[in-house]
Amino acid sequence: MTHSTSFIPPMWLDFEAFPLETLELSAEAIEAAIALSVQIPHEERQWQTYLNALALSGFEQWLEERAPELEVRRDSCSLFQPATANAIEAIANLQVNGFQLCLLAMGSLTDEEVTVPRAVVDLPEYTAHFYAIVEVQEEQETAVIRGFLSYDQLRERRATVNREAEADWTYQLPLTWFDSDTDHLLLNLRGLEPAAIPLPDIPNRTQHLARVRPQLETLLPQLHAPDRQLWDVLTWEQGTTVLTNPELLDWVYRLQRQEINPTATRQHHLRDLLQLLTQPAMNAGRWLQNELDELAEELAWTLLPAPSFAPATAMRSTVEEFEAIVTQLDRQGVNIPPEARGAYREISLGGTPLRVYAVTWALRSEFTPEWTLLLIVGAQPGSNLPPSLELRISDPTGVLVSLTSDIRPDNSYLFTSVVGTWDEKFIATLSLSPEVSQTLPPFSFNPEG
Amino acid sequence: MSAASRYWTFVRIDAAGERNIEEIAPAKAFFLASFPEFVTQGELSDIWVQRQLLSWMREAPAESPSPYVKKVAHAKGDRAIHSQPAQTDSRLLAHYCLKCFISNGIDRVCRDLGAKFGTEHGFTSEDLLPFVLDEDIRSQPGNHSYQSLMSEILQSFDPEQSNLATWTTRRVKHHKELNTFLLERGVYLVSDWAILNDTRPKQLQRILLEFHHLSAREIQQAKALLESYHAIYRAQRLKQRQAGIKGKCHPPTQEQLQQIARCLSGQTAETRSPEVVMSQLQDLASQLREYRIYARGGAAPTESIDAADEWGGTLADRICAHSLPDTVDEATEFLDFYRQQFRVCLDQTIAKVTQARLNRLIRKNPEKAEHFLLALYLFHCQGQSMGEIAKCINYKAQFQVTRLLQLKAFRADIEQQFLLQLCDRVLNRVKPYTNPQNLQAFNRQIEEILNEQVERAIAEAAAEASTTKPQPTTSLFSERLCHHLDTRRS
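One line per chain: the protein sequences are A and B, in this order.
Under our numbering, the first residue of the first sequence carries the number 3, and numbering increases by one thereafter.
Under our numbering, the first residue of the second sequence carries the number 1293, and numbering increases by one thereafter.
Hints listed in this document are in silico derivations from the structure and should not be mistaken for laboratory results.
All C-beta atoms in this analysis are idealised placements derived from N, C-alpha and C, irrespective of residue type, glycine included.
The reader is advised that the hints may include incorrect statements.
Taking lysine to aspartate or glutamate pairs in the EDC-like style, the calculated list, with each CA pair at most 16 Å apart, reads [to be verified]: (1) K1540/B x E26/A; (2) K1465/B x E1452/B; (3) K1465/B x D1404/B; (4) K1531/B x E33/A; (5) K1531/B x D170/A; (6) K1494/B x D170/A; (7) K1515/B x E1452/B.
To be clear about the criterion: a stretch of chain B counts as covered by chain A if any three or more of its residues have a C-beta under 8 Å from a C-beta of chain A, and this derived list gives those stretches [stated by the list, open to error]: (8) 1478-1484; (9) 1522-1528.
Using the sequences and the accompanying hints, generate a full structural model.
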């Protein structure tokens, strides 16, 4: 960069006329931007989110004025998912006429270098057909569309100059790479088909997640302080799995908002979440068809007959025991409908033999169909549960229930039930101490699957 | 005007509101006597002269100030033996010289602004002067509760920190009423605080290193300052916005400065006074501003109205040059069809885009919609200039007409809609002649050719629009637009 340090600019250079294309931001747009920014846990990112939200308003207004025929869809726009907005400081996944757009907000400091989060360039989940810069003058409550760059141009140029990502997971791109004639962007949006600019396919990331799971389990809790960034703690490879996984992003977001406390719960919850995300689930929905799926068979689960049918003799004692429990639960006000189905398996926890019953049934509702999972942990017939036996059930949002055998006067069994929508999974863990524990594979519910 | 005369000519607004330059004879005599080398050999720097004048002016007051020069001591020899004029007189005369210098600085800023923005935004430098040239040189300092900008500049001036010209410019630039006046006319100055708000620590680091070549330690300190500023000022700005408070970013309050200082002292050992924090923040903003001007200068969007010249050749030439293999007959056949469609399409698009724009304006303000239609008519069909149109529809300044018409966007919208519509029709027509493999390639070529043809028609109109004295309209675009506007009017 060449310049003279004694350079005193002519005074008027500092003043500027509003560009002709200036968009005035409404009071509502500012209010909405504030509302979005306050959901973000740290001031530094709050401000960027605020500018991003103003940029989006400006951009939508521009489209509305210039090309109202273009269809804008915000449904998957990252700005409206606080957990994603907290991790990616750009607006990704805004859809216009079937194109993916990424908006980069530029504040009142004009910079020759545009900061682009690596995620929106390198992760197919967030790549865009067009990257548009929106200049926001927060103070003047105005915005201007400054330029755009298409994905193929971005890739070509990066290949020629070999721009590496920086340590903070951003690319610094020259402003001159962006086409400043924004009418060209309009023409593209109006006239092209999205297929004209091929975007990379989204890979299946489950295996990768399973590989980095142990590292994430130790590293993610370090993001507890809101000013910590993913790149402070994770490698890009580890970061990729977090950035592309809404549940993990959400976990980090809630951790930084201090919503996951105390430390012990935090660890449990993270471990359960990672298991849920990486372990294959048993489809309890199949039980309603009197079937076990392969996984359940592999793990030695045994299907229980419906409560009112003739039991198979081999299972008499188990069935009798189960029916006794059901009767008892019924007396306590826990109603199991006749169409419910269950399965059980024996486990040994630190040498103590236990029997786990899982019962499930569908809940028909007007809105979203739901399902119930009732879990019962019983001791061997004639004996009591060991003291301090803990039963914990989690879903991706957190630990739902945690019970210990101590709290029940009659502690021959522990039971609890959880309800979720059909696409929700649960994971249950039995433990005697932090060292002696066993996690059952996740339960899912898909009667047709 | 010589460089020295700035110290004895005073710019003021006279009773009639006119700009008036007055030579202050006693100041001139005093200055010439005190700094003969400055005038004859240009050996003395402004900063040295200003320091000297300031030190004379700030000497302990004598019994009663006298408005006249009774005696001027003649200085001879080198600087060290500048003998001091009679104390009272020298205080007042030095004060005059400095005020003269400041008035010239203020005047320059206003004239610069007038020259750069005045015509288009409807003001002259004379409109600006009353805001900032608010003092007569003979008024006594310190006697009024009202402090003029000039006195304020003089009082706050620290020759160790900057020179008087820069200091004056800085203060005038940030003058509140001046900024309000300019803002009403579409000209603004982004505040220091907005710039600091929008600068990320990482950007700051890069700019200070690569642009200002500061040391690692200086950069580290600047970064800590910015982060503390963000944590206090910016967080509170968000809260104010949340409470519905609008408008410009005001300078940090005393309390905010103290909070920033406390926040900083958490990171470094020392605690700074609010005044120090304030001036450090302003310095930081100035450094960013300097970079910003550089960046904006380098990246200002340039509109090429002459683009039409580069094309050269007729449409037929272009087709030959492109020489569509295998499809050239089809292309020719299609062109006959296309020529018929051209005007029909253009007319339809003009009507559609004009109506869409009108509808949007009507939703906002029906009167504006009428102005738009009239202005468009006057411009394209009557060949009137933006300035003339402004008078016609009772607008303050030309830029408001430019903004109302948004001609570039209007043309771009017509151009694109037109192109797409034409492509649609043409492709429907062409499809049966081509096999699917060729279609994609053919489409690209036709699009390219059409695009040029359409852009040319519209660029002709753009060239008309850009000439200062508009000619009677000649382009096809203008002709069809006028035709449409005439139809609307009848």
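Restraint status (C-alpha distance of K1515/B to E1452/B at most 16 Å): Between K1515/B and E1452/B the Cα gap is close to 25 Å, so the pair fails against 16 Å, i.e. violated.
Pairwise hint evaluation, D1404/B against K1465/B, where the allowed Cα distance is 16 Å at most: Holds, at roughly 11 Å.
Straight-line alpha-carbon gap K1540/B to E26/A, limit 16 Å: The given pair, whose Cα atoms are some 14 Å apart, holds under the 16 Å limit.
Given coverage of the segment 1522-1528 of chain B by chain A, checked by CB-CB distance under 8 Å (3 or more): The restraint on the segment 1522-1528 of chain B holds, since 4 of its residues have a Cβ under 8 Å from chain A and three suffice.
Straight-line alpha-carbon gap K1531/B to D170/A, limit 16 Å: violated, 28 Å
Given hint E1452/B paired with K1465/B - CA-CA distance at most 16 Å: violated, 21 Å
16 Å Cα cutoff - pair K1494/B, D170/A: Judged against 16 Å, a Cα distance of about 10 Å means the pair holds.
Restraint check for K1531/B with E33/A, where alpha carbons must lie at most 16 Å apart: holds, 11 Å
Outcome, coverage hint (the segment 1478-1484 of chain B, chain A; C-beta under 8 Å; three residues): holds (count 6)
In summary, the numbered hints that this structure violates are 2, 5, 7.
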